[in-house]
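> Listed here are the chains, written in short residue letters.
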Amino acid sequence: MKIDRRSFLSFVIGGAAGTALTPLPWKLTDDISIWTQNWPWTPVPPKGEITYVSSTCTLCPGGCGISVRKVEDRVVKIEGLKGHPVNDGSVCILGAAGTQFLYGPMRVTGPMKKVNGAWQEISWKQAVEEVAVKLTELRGKGQPQSLAWVSDTDRGTTAELCKRFLTVYGSPNFVRAASIQDAYETALYLTQGNRAMAGFDLARATYVLSFGSGLLEGWGSAPFIFKTKNRMQKSGGKVDQIESRLSKTAAKADRWIPLAPGTEGALALGLVHVILKEGLYRKEFVGEHCAGLEGLKKAAGAAYAPEAVAKTTGVEANTIVELARTFAGAAKPLAVNGRGKGQLPGSLQETLAVHYLNALVGAVNQPGGVVAVPEPDYIDWPEPEMDAVASKGMQQPRLDGAGGKSFPQTRYLANRLPEVIHAAATSPVQVLFVSSSNPAYTLLDTQNAEKALQKIPLIVSFSPFMDETAAMAHYILPNHTYLERFEDVPAAAGFPKPILGLTRPVVAPLFDTKHTGDVVLELAKALGGTVAAAFAWESFAACLQETLGSMWQTLKKDGYWVDTAFAPPAFETASHKFEFTNAEIGKLPAYTPFRAPGDAQSFPLTLVPFDSMRLTGGWVGSPPFLVKAVEDTILKKDLVLVEVNPATARELGIADGATALLSTPTGSAIVKVNLWEGIMPGLIGMVRGLGHTAWDRFLAGKGVNVNRLMKPVEDPGTGFEAAWGVRAKLTKA
Amino acid sequence: MDQPNFKKFGMVIDLDKCTGCGACMVACMAENNVAFREDETDKMLSISWMRIYRLTNGKAFPNSEECFLPRPCQQCEGHHGHSPCVSVCPATATDYDMKTGIVSQIPTRCFGCRYCMASCPYHVRQFNWWDPVWPEGMERSLNPNVSVRMRGIVEKCCFCFHRYQAAMDQAYVEGRRDLEEHEYQTACTQACPAGAIVFGDLNNPGHTVHQLAQPDPDREGRPRNPKAFRLLERLGTNPKVYYLTGRDWVRKAGDNEVKKS
Chain U
42 MKIDRRSFLS FVIGGAAGTA LTPLPWKLTD DISIWTQNWP WTPVPPKGEI
92 TYVSSTCTLC PGGCGISVRK VEDRVVKIEG LKGHPVNDGS VCILGAAGTQ
142 FLYGPMRVTG PMKKVNGAWQ EISWKQAVEE VAVKLTELRG KGQPQSLAWV
192 SDTDRGTTAE LCKRFLTVYG SPNFVRAASI QDAYETALYL TQGNRAMAGF
242 DLARATYVLS FGSGLLEGWG SAPFIFKTKN RMQKSGGKVD QIESRLSKTA
292 AKADRWIPLA PGTEGALALG LVHVILKEGL YRKEFVGEHC AGLEGLKKAA
342 GAAYAPEAVA KTTGVEANTI VELARTFAGA AKPLAVNGRG KGQLPGSLQE
392 TLAVHYLNAL VGAVNQPGGV VAVPEPDYID WPEPEMDAVA SKGMQQPRLD
442 GAGGKSFPQT RYLANRLPEV IHAAATSPVQ VLFVSSSNPA YTLLDTQNAE
492 KALQKIPLIV SFSPFMDETA AMAHYILPNH TYLERFEDVP AAAGFPKPIL
542 GLTRPVVAPL FDTKHTGDVV LELAKALGGT VAAAFAWESF AACLQETLGS
592 MWQTLKKDGY WVDTAFAPPA FETASHKFEF TNAEIGKLPA YTPFRAPGDA
642 QSFPLTLVPF DSMRLTGGWV GSPPFLVKAV EDTILKKDLV LVEVNPATAR
692 ELGIADGATA LLSTPTGSAI VKVNLWEGIM PGLIGMVRGL GHTAWDRFLA
742 GKGVNVNRLM KPVEDPGTGF EAAWGVRAKL TKA
Chain P
14 MDQPNFKKFG MVIDLDKCTG CGACMVACMA ENNVAFREDE TDKMLSISWM
64 RIYRLTNGKA FPNSEECFLP RPCQQCEGHH GHSPCVSVCP ATATDYDMKT
114 GIVSQIPTRC FGCRYCMASC PYHVRQFNWW DPVWPEGMER SLNPNVSVRM
164 RGIVEKCCFC FHRYQAAMDQ AYVEGRRDLE EHEYQTACTQ ACPAGAIVFG
214 DLNNPGHTVH QLAQPDPDRE GRPRNPKAFR LLERLGTNPK VYYLTGRDWV
264 RKAGDNEVKK S
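First to last, the sequence lines map onto chains U and P. According to the working numbering, the first sequence is numbered sequentially starting from 42. According to the working numbering, the second sequence is numbered sequentially starting from 14.
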């Protein structure tokens with residue numbers, strides 16, 4: 042047969058039409074799409090029975106109730122606990138990412154020892170024995186006080202066990218990591234005589250004046266503050282934010298009042314001045330419940346007249362007068378302070394100035410005001426017997442200087458440890474225990490802090506995660522995560538009532554980890570003598586159950602207990618009144634705004650850290666979901682973006698998105714520039730929480746740890762970390 | 014199409030309450046098995062069913078203002094269920110459910126042509142350029158009620174439809190044929206610590222969303238509440254997500270009227 046053009050075309054067209062009529066091409070397309078989607082490595086989560094467990098989140102001091110969803114023995118989701126007094130069903134971004142702390146790659150899976158710079162897995166028996174040998178040695182040398190313990194909390198059964206251990210061992214050096222709590226506790230003690238935490242009755246306030254507090258950045262318990270703030274604003278209340286940067290709080294405030302950073306205290310005293318001068322204070326409250334008004338008049342004298350304050354703060358004099366009138370004239374005014382999330386205590390005088398404002402308008406222990414929430418007292422163990430070594434050790438002054446001659450009112454000064462270690466020829470801290478704290482990341486001038494930590498011969502980390510301090514430790518004795526252990530959580534940051542939450546194991550421990558409370562018991566047993574005798578409990582669980590007594594059943598059933606009938610304690614000062622001045626307050630140096638450290642000539646700009654809900658800045662690093670949620674105006678590839686006002690950038694000749702070199706007196710880093718009209722000219726804003734070197738591959742190596750570029754500033758009189766910024770320079774790179 | 018028993022699930026987001034914290038994003042990721050990669054800073058490639066946009070008023074310091082706009086799938090109804098994405102899908106992988114008003118997305122049907130992405134005016138739909146990979150052990154946190162998506166397909170928010178199914182199952186077991194408002198809530202609504210997101214049936218005058226948005230049935234659901242608006246209203250997509258704000262510049266930004274500075 043001859044193949045001509047006609048038959049060829051007939052064959053091709055006919056064949057194509059025939060094929061198209063068969064299901065073949067469609068079947069093939071379908072098969073290909075199914076085949077390309079059925080990779081065996083795409084996980085298929087197994088089905089199973091769904092259950093919920095109520096617990097308490099411990100990822101921050103917020104004390105929120107959580108409801109953990111399980112499918113068989115897997116934790117799949119964390120939600121807020123409905124009806125919980127703090128968060129009532131909602132959850133913050135970190136809490137929602139909680140499962141990643143259980144299953145994530147940042148976990149330490151068992152006890153480890155560093156041998157020649159490399160981690161070696163060891164048994165718990167060996168770990169406890171080896172640490173106990175070192176501790177016995179130290180005691181033998183009569184230096185028990187050179188054991189120090191850094192922890193993020195000094196409350197709850199675990200913390201009390203740690204403190205008890207130090208006491209019978211002979212060391213006064215239990216150190217709580219710094220936060221705005223330090224300043225508030227001291228302020229409450231000095232003016233009201235109460236050993237208490239500060240709670241804020243935001244729900245019943247009608248006007249909130251915030252001196253830079255990141256109410257929407259994680260100040261206090263985020264879900265509690267968010268909700269009550271919104272509820273209050275929707276029912277006609279107002280919030281004014283005083284801050285040098287348009288933070289999320291400022292963006293959602295009724296008014297944003299920019300001021301020169303670090304001068305918040307001066308503005309507060311300026312308001313005090315106007316309120317006193319114009320007689321705007323609540324005479325009934327002040328007359329009946331306050332003492333020392335004359336002293337306050339002197340402290341907020343002519344130096345704090347509006348014109349003078351305007352010069353210091355950059356806030357116009359008539360705005361200051363108007364603010365004072367608005368504040369004093371509001372039905373239920375409330376002033377709050379503590380920058381950002383409140384991770385640093387700052388200047389005590391600043392907190393005092395803000396607290397005076399509250400007292401002048403009767404917003405102390407009153408509805409809508411600051412409430413003194415007494416420290417929990419349910420942990421009531423018999424006094425332990427101490428041997429001679431312990432008694433002698435306990436009489437030694439604290440290494441951080443807290444409570445000593447220079448800082449009589451302070452309880453803990455973690456920020457002073459690097460300085461104290463560097464000052465001595467051999468480190469006064471011979472053994473450092475670190476539990477839920479990450480000083481190698483959070484201390485300012487991090488490199489200097491790291492060098493100090495390197496001088497400590499033995500660091501033992503109890504962290505369940507590979508954080509920076511764990512990475513540089515000699516031993517890691519990993520705790521269970523909060524989803525695998527019991528813990529009592531007394532208090533929720535900023536919540537105006539006493540509350541006790543129970544954290545409970547949602548799943549059995551995944552790895553070879555151990556509750557830090559149990560490790561303390563084992564260490565005590567290994568040390569023997571009076572140390573062992575001080576701990577009569579068989580296990581942490583037994584200790585907790587016995588300690589909580591009758592409350593155990595309530596907690597097991599509801600997950601929390603709240604004192605609904607709570608009334609704030611009476612003032613316990615000598616005068617039984619709120620004291621604006623007294624002998625102790627008189628001893629403190631007067632308020633002065635701190636300058637950002639560094640030479641203004643070579644560093645013409647100022648670097649100010651800011652907080653974000655989408656990044657943690659504390660001891661807990663950010664899990665992968667948070668890193669994923671970080672805005673591209675904060676992180677681009679591995680570079681952090683710093684906020685610069687376009688006017689400042691123009692002067693520097695730096696364009697939006699440009700790469701630049703940021704230097705401060707303590708170091709330098711490559712950053713990207715994000716031009717933003719929400720930051721005051723002359724400032725550089727950088728987020729807290731990046732620049733991790735340890736943790737996991739989703740977080741490590743991204744951006745810059747702003748603490749590394751900061752320089753500590755000591756608040757005279759208290760020793761608190763008072764740095765809010767540092768001088769800086771930005772050059773084209 | 015609005016038959017009496019038909020629901021029209023919708024959302025009202027109060028932008029004056031939203032703090033931009035991102036809890037909704039992460040609650041959604043955890044609920045819906047959204048994968049994560051080491052570098053998620055290129056937001057064009059980063060998959061997040063809920064995304065928070067940042068709006069600014071463009072004014073100089075200190076008159077600058079900022080607002081955050083959470084953007085789930087807008088669940089467009091278009092004209093009688095012709096949502097922009099549904100009408101272009103050649104694989105029937107996405108469909109408009111008349112009973113709930115939810116635009117579905119069926120991963121195993123999608124073959125990744127991405128027509129829907131091109132047609133969605135809200136950038137809601139996202140493509141899986143990579144295999145989803147969980148670090149060893151982390152796949153244990155996956156939710157069995159939501160399929161894990163594979164490389165080469167498009168995914169998007171479905172108003173946590175599996176939660177609707179679970180709630181309906183429960184209701185059937187209890188002999189009911191209808192849901193209470195609180196029984197079906199999306200993960201983002203439940204998480205929102207600011208109380209900014211409200212979810213419910215826009216057809217039900219008893220539901221908060223209806224009261225807040227006050228949809229006008231004669232004008233394809235346009236809000237009668239002067240504080241409420243929908244994104245890109247003039248496109249006629251007839252979406253079911255309403256936004257509330259007291260600020261004019263934010264409302265204007267919602268219809269893309271702000272000139273680029």
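Check before you lean on any hint, since a few could be wrong.
Unchecked claim - With a straight-line cut-off of 25 angstroms between C-alpha atoms, the simulated SDA-like cross-links for lysine to any residue are:
id : chain 1 : residue 1 : chain 2 : residue 2
1  : U       : 88        : P       : 144
2  : P       : 72        : U       : 696
3  : U       : 338       : U       : 627
4  : U       : 338       : U       : 373
5  : U       : 373       : U       : 328
6  : U       : 204       : U       : 566
7  : U       : 275       : P       : 65
8  : U       : 182       : U       : 437
9  : U       : 88        : P       : 187
10 : U       : 597       : U       : 275
11 : U       : 279       : P       : 77
12 : U       : 678       : P       : 148
13 : U       : 279       : P       : 261
14 : U       : 166       : U       : 548
15 : U       : 68        : P       : 126
Since the hints were made in silico from the structure, they are not lab data.
> For a quick check of understanding: which of the numbered hints are violated here, in increasing order?
Number 10 - this is the single hint that the structure violates.
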